[in-house]
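*Asks:* Listed here are the chains, written in short residue letters.
Protein chains: 4
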Amino acid sequence: MPASLGDDQKSEIIDAALTRLVMANHILAREDIIDNFGHVSMRHPLRPDRYLLSRSRSPQVVSRGDIMEFTLDGELIGEDSRSPYAERHIHGAIYKDRPDVNAVTHHHARSILPFTMLDISLRPMFHMASVIGPDVPTWDSQHEFGDTNMLVDSMEMGHSLSRTLGKGRVALLRGHGAVCAAGDIRSVIMVSIGLRDNAALVAQTLAMGKVTYLTDGEIEKSSNMLLGAMPLARAWDYWVARAGYGRL
Amino acid sequence: MPASLGDDQKSEIIDAALTRLVMANHILAREDIIDNFGHVSMRHPLRPDRYLLSRSRSPQVVSRGDIMEFTLDGELIGEDSRSPYAERHIHGAIYKDRPDVNAVTHHHARSILPFTMLDISLRPMFHMASVIGPDVPTWDSQHEFGDTNMLVDSMEMGHSLSRTLGKGRVALLRGHGAVCAAGDIRSVIMVSIGLRDNAALVAQTLAMGKVTYLTDGEIEKSSNMLLGAMPLARAWDYWVARAGYGRL
Amino acid sequence: MPASLGDDQKSEIIDAALTRLVMANHILAREDIIDNFGHVSMRHPLRPDRYLLSRSRSPQVVSRGDIMEFTLDGELIGEDSRSPYAERHIHGAIYKDRPDVNAVTHHHARSILPFTMLDISLRPMFHMASVIGPDVPTWDSQHEFGDTNMLVDSMEMGHSLSRTLGKGRVALLRGHGAVCAAGDIRSVIMVSIGLRDNAALVAQTLAMGKVTYLTDGEIEKSSNMLLGAMPLARAWDYWVARAGYGRL
Amino acid sequence: MPASLGDDQKSEIIDAALTRLVMANHILAREDIIDNFGHVSMRHPLRPDRYLLSRSRSPQVVSRGDIMEFTLDGELIGEDSRSPYAERHIHGAIYKDRPDVNAVTHHHARSILPFTMLDISLRPMFHMASVIGPDVPTWDSQHEFGDTNMLVDSMEMGHSLSRTLGKGRVALLRGHGAVCAAGDIRSVIMVSIGLRDNAALVAQTLAMGKVTYLTDGEIEKSSNMLLGAMPLARAWDYWVARAGYGRL
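Quick mapping for you: the protein sequence lines, in order, are chains A, B, C and D.
One rule links them: number in our numbering = place in the first sequence (from 1) + 119.
One rule links them: number in our numbering = place in the second sequence (from 1) + 119.
One rule links them: number in our numbering = place in the third sequence (from 1) + 119.
One rule links them: number in our numbering = place in the fourth sequence (from 1) + 119.
These are calculated hints, taken from the structure and not from any lab test.
No false leads were mixed into what you were given.
When chains are identical, the list treats them as one kind, so a pair holds in a single copy or across two.
Result set (EDC-like, lysine to aspartate or glutamate): computed pairs, CA atoms no more than 16 Å apart in a straight line:
id : residue 1 : residue 2
1  : Lys286    : Asp216
2  : Lys329    : Asp238
3  : Lys286    : Glu339
4  : Lys340    : Asp266
5  : Lys340    : Asp272
6  : Lys286    : Asp254
7  : Lys215    : Glu275
8  : Lys215    : Asp168
9  : Lys215    : Glu194
Excised from the complex, chain A in its bound form (with noise of 0.2 Å):
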């Protein structure tokens, strides 16, 4: 951030940020990727060392009111009596691991829950999901932290996650759900997405025969052309008007 920045600049960079998140909630609830449970965050676009989250609620409901801000380590900036998700040190951790993600989400959608408790590789078999990276793999609650509520509550426990995510953009996590990071809003919806069609397909395929995962070359390349702007704003604009908005 430009210490030139004026506050009328400033305001208008954190209002279409905010403007963004919320949509980002919405989205993720229109495509199945999160329901009842699960979140979508972004660090703060002015300070790197923050991030925003919507309070405790569900993403389909979320409105711009909601969002609130925490520092790296999870605390609340400012007064706010009502409650954070308890989840939210998955965000946190990662942000401070990872200088290159500025959003993530954690989610629970269905078809990537059996592959968390399997042997089976999620590597991309198909062009689309190519932007999940071309190893998935999987933490365990028990091996750290034995019987618990399953629940990433603790910046111990997000980092414990964070360690298995590693540089990648997707990790899964053993009968409960993912998480993925990207280096914006838009990415990170398009890796969840991705996720959740490539966990479908290979088990499709699977039923049927062998998976042809898409090799290093494909997947590098066929991801660095999906996180273009081009495709980004492509993408953005279906998900933004399946969410209810209309065109833009």
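With chain A fixed as given, assemble chains B, C and D onto it according to the hints.
*Replies:* What follows is chains B, C and D alone, placed relative to chain A:
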């Protein structure tokens, strides 16, 4: 119920209960838990020896005036020539046998049907299904009653089914469907949806390999968390929005 | 039909029948039983030697003015230059052969297609499907007619199919779809939906183990119950609400 | 095109074509054939050496002003700074190689993806899919082009794909999707939907046993029938109603 409640207070409590019961009908229809047949009830909030249940209508179209009041033996309170559900005895028998239960659904969510006739465990395999509890027993009307029209339409059959349910939250009915029972109306919706999703996921996982069910500790801790005030409120907000009520 | 019916009464009976037939068209479209092709008819309520069927239109868009009247041999009553369905002879042949049948659907509900070419029983495995009856035979146009355009477009083919249907409520057509026949329009919708769901459930169950079909006694008792006045009225209410008519 | 057409007539022909092309975009989005990516084109109705295709937008949100005109080599006609689809060469190459083709879709309907990498025939197994033709070949970009971003973004790649398509109506693209080609815009929608449904049904049937594909004679006779004026008009009415246009 404190003896000191005034008439206005009683009326408000009943009013709130009826509103919530009608909404539960619409939610269960929207979530494809109940279609033309199936029903949801709640124990009367002021008279634990009675329960509230729609007249014989599909939940999708139930409204306030359709709710009837019954003794736990299924006797209608008051004058009403409209027909009650033949299977209302499922509700009465469970309320009689289980003082801890205040809401019951009976439904035929399609994903569970195969499991009513297979020797495959429906124990939870992901945290959101933990609310169904560790064991999902199956009741077969053939065992005690032979060839029937498959309906649980007497107190005798209701108690037989209730014995299979035992102290749990879910029982399957061979070639028929399921009953779900919980401490309140929002919890029983969460149990019903958790059962539907767990069945679908166990089927999908088995097609590719072995299911890793949650541990006893995970089931207990996760379900205690999910059936807490915050998660129930958050889920309810989501369900009512999807059922067309908009944001409350 | 009593000879003593006045013209007003006759007109009201026909009016009610047409209304219900148009609604049945929309219901079957809404429930994904019929898409662009497929049709539903009813026997004329006052002239058992005639039947009512839309002109060649997709049920989704059928309205009152589209309904035509035919002799059981498929001859159009009255002047009308609009095209009838080429496959109307399915309806006429069944009405001729089965005086107990007053409503017929022909459709291609996707879940049944695999069973039109597999030696796997579609006998009911849950009570709501009991209405399809204990046996679901398959007709193959190849046997008598060789390579065709797959349409049942002559009375000869209609009667051939009707012989396979026999005294039952359902017959499958290899590589094509199904016919459902029942005593009235609401029953034939229940049979069509029961068939669709039973096919999906048998497939899902077989993927995990062995299907436990209902016993003969269960099928008879359940179907007699479901095809009674109360369950049909309750199901109809549900279907019309879902088809967008709101609550009647 | 007769040389004697007046300007008004030409304008009306183009107007009708554009209207239909925009509707086709919305229909294919509604039927889950095309999501954020994928496209549909038609050959220019008066200039067979040109084709009409939206600028780079998701079909769901395409409107009249988005349609561009291209030479068969993919050169934009007229001034327009907006970006075309990178994969427009699929369309140009097929129009060049196949004078009988006047409409093309490129899509990633999910049900077909497994078949792009499996040695399992997608030959039609039910009459409504007969329009895809007896053979469904697969093109693999690796064979001639090695690791790419999976897009068919040059005339060279377009012609390579077109050679795999040959004289057929459908070709699959490994790890990517499909192209469908037909004589007019309504037919290519029917082919696209037939392909989508046939893929889903072959998968479902294989899970239980052996697929009985249609005979050559059945495929030829059924597809000739379905691609006739009446069935196409009836299907179009259905698609446009579902796409939200109401009854035309």
